[in-house]
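S.K.: Protein chains in written order, with this note's numbering: chain A, 51 to 325; chain B, 1403 to 1738; chain C, -3 to 271.
Treat the hints loosely; a few may be bogus.
Unchecked claim - What the simulated footprint calls covered on chain B by chain C, stretch by stretch (three residues with Cβ under 8 angstroms from a Cβ of chain C suffice, anywhere in the stretch; the number is not a length): (1) 1555 to 1569; (2) 1587 to 1601; (3) 1705 to 1717; (4) 1729 to 1737.
Claimed, not checked - With beta-carbon atoms standing in for the labels, derived distance ranges: (5) A:E221 - C:E164: 31 to 39 angstroms; (6) A:G273 - C:K86: 40 to 48 angstroms; (7) B:E1638 - C:E115: 16 to 24 angstroms.
Calculated directly from the structure, the hints in this document are not laboratory data.
For every residue, glycine included, the Cβ atom is placed at its ideal position computed from N, Cα and C.
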Amino acid sequence: MKKEERNAAITKWVLIGITILFLGIMLLLPLIVVLVQAFRGGIAAYMSAVADEYTIRALLLTLEATLCAVILNTIFGLFASFAVTKFDFKWKKILTTLIDVPVTVSPIIAGLIFILLFGRRSILYEWLKAIHIKVVFAVPGIILATIFVTFPFISRELIPIMEAQGKDEEEAAALMGANGWTIFRRITFPHIKWALLYGIVLCTARAMGEFGAVSVLSGHLRGRTNTLPLHIEILFNEFQYIPAFAVSSILVVLAIFILVVRSVLESRGKKEYES
Amino acid sequence: MKKRIVGIQILLLVLLSVMLTACGASSRHKNISIVNVSYDPTREFYEEYNKLFADYWKKQTGQNVEVIQSHGGSGKQALEVSNGLEADVVTLALEYDIDAIAKEGLIRKDWKKQFKKDSAPYTSTIVFVVRKGNPKQIKDWDDLAKDGVGVITPNPKTSGGARWNYMAAWAYAMEKYGDETKAKELLKKIYSNVLVLDSGARAATTSFIENKQGDVLIAWENEAYLSIRDFPDEYEIISPSISMLAQPSVAVVDDVVDYRDTREVATAYLDYLYTEDAQKIAARNYYRPSNEKVLEKYKDVFDLSMQLKTIDDFGGWDAVYKKHFADGAIFDQIYE
Amino acid sequence: MKQKRVIPGFGLSIGVTLTMVSFIVLIPLACLLMNVTKLSIGEFIEIITRKRVLASFYVSLMTAFVASLINAVMGMIIAWVLVRYEFPGKKIIDGMIELPFALPTAVAGMALTYLTADEGWVGSLFARFGIHIAYTRIGIIVALVFVGIPFVVRAVQPVLEKLDPSYEEAAGVLGAKRSRIFWKVIFPEVLPTLFTGFGLAFGRCLGEYGSVVFIAGNKPYETEIAPLVVMSKLQEFDYESATAISLVMLVVAFVVLFINNMVQARNAKILNGGN
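Chain A extracted, bound-state conformation (with noise of 0.2 angstroms):
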């Protein structure tokens, strides 16, 4: 008996030892060379990189984004999962698949799909330019690009758990004659209430990050198009490494930001679902 606890012991602290080095390498050194490489020239040369107008500008515009995408998912995603969880209808299969499709696209195709609906090649374009609207190659594709690369993303969180719930309450409720708004919120919400936070952080924390399909709609406009990834890769590309780094560092720390406040949630959910 003995032998084995220590057996287990080895096996546990190998694991662990496994998951961080492995972790460690992949995720947290590519952090800690931005860091490094966003300081090297000094907290100054840092300041100013990120202080910049066109940074402030590229900052605005991802947030704003982001908060669109985060908003129409939301709600998107609400619908979806109350619709495939809680009845039965045909192609229900094609459709769970439909919406997650968008996780799967290689980002250069969608942005490529958006051009060609959109774009100057399509019949659409003629009527937007009437009308003064502009997609490609402006801020609501800018937009559509990150909506359609986070679209599944709250559904896919809520899903699960709204399958695993089952319909029985509702079933019982509806049967006690509550209306639908009534059903949701006084029992689907609570259930799902951590999962949704949660596929908003994932929705929000993606959609900043989004670089292939934006950098297909955005047309690099400086201080007009231009997301803070692309305004990251555009400082590369003007050998201003420091500065690149430096842009960097501001995603790096809303990434440790939202992944913290995850954290937070998560624990406090559980915290609740135990009392």
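Place chains B and C on chain A using the hints.
M.R.: Chains B and C in isolation, oriented as in the chain A frame:
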């Protein structure tokens, strides 16, 4: 029930479009602004030139003009303009890319005649950047084909600059052998020495300078001088015996300026590139000025002894593209 | 006919879901399809069977597969460590898992390239043994492992958490060895979700662009991935080829997802049935 669904769908549609337009309606400037879509290595030059032009335009008309820059691979930029990126002017790496936009009907067919010197206000050429002391003894194009030499150049399929690089090697090979089969062999050897085939000129420079890949970078002359200026102790420039006279071209995008009503300022913007002040800025950013007087002043900066071929020596870009870069053409053949 | 649905709100939620799926996913995809139909079948086949295109499919599939395999193994270990063991710093590691979501792929690509180039912190260690990471297929795999980690960990983790420990205890009381318990009791339970995580990571890796272009070197036939071929076809104004290659990638993505959703649905059924 059905009716309600339709109603909700319409509501959602409206919501979606309101959100998009609300986000999209950026504040309209009272002052005039134009968009200059350019290629990678011109950032520093246009940043300086835009200030000069803004001062000039203010004096002329009293208007504040803001020039919004966009940079990227020349081919990609041309594509985006063709797809609806609203550029008032394009200042790209080669005629071929502007011709591509003209084929879409956005620029008039005879754009080359609109400005002086075939609408090429500054020129450049292709040189080598090697590590200090030139450890691999690279002097000319055939040295790039030697075993053990690591070459960095971007992909001619995606990068305008890379097409000039490729053509410069071709020009050398044709001059030396006078025979296409042998020329192809030399290019095959050079390209089998290529370690990283980046998608743009800037990415290639980054691979060479920041990530320390390869022994020689084939680059725009102005790019090469910029890297030397930043790292004088680490690199040197080698001028090959034969190279190409690269003529980056400029044009007003007629379709856009008519729609945005900016023809006047856009034309003035490109015209002003030919003035002495502007040409000096070009020279300071290591572009060869087209104005001979200014070039004379900066003659110590540039190696004027190189023999420079023009693209017309090879039948112009259309012919060159078909022969070398189209699918299954010579560039694809040397990679098979 | 089916019986009337008990829970109210079906029309509303399915209506919203379908509308948004149509606008964000279905119509844009249809637009891509329409562009492909401009080609004849012969032309389509000719385009996608060009040597260079086939080579890029191979590179994409191969690297995505290897990376997802590594992720499946490491993801399993990480999830196990996070669920079963207590150790200092566990919360931080748990919070770090989503980092690849939050960090823009371009920044990750820049940092990983910097690390693994022959002069980089990690690359110099390997370069001594003649192993080059950046600008080779290994580099692509490294970038894809980075991108795919969270998919596997977050798929496996909840299932491990919910596993009823009484089975293991029972097996333990009966005298089964720990390794046997793991392979006979735990692993079969986790396998389907591990497969789901693998599939998701695989799908995501197939389309990854931002981080890969920095680290890949992009040499035709060797390190040129399919999304890059799409990009370069676009830059050559060759829309037909770009859309044709995109379509093939989309179909692959769709199939991967569909299989995934089937497995997931079966899982849910088994789990619910067992309760």
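S.K.: So which hints don't hold here, by number, going up?
M.R.: Hint 3 is the one this structure does not satisfy, whereas the remaining hints hold.
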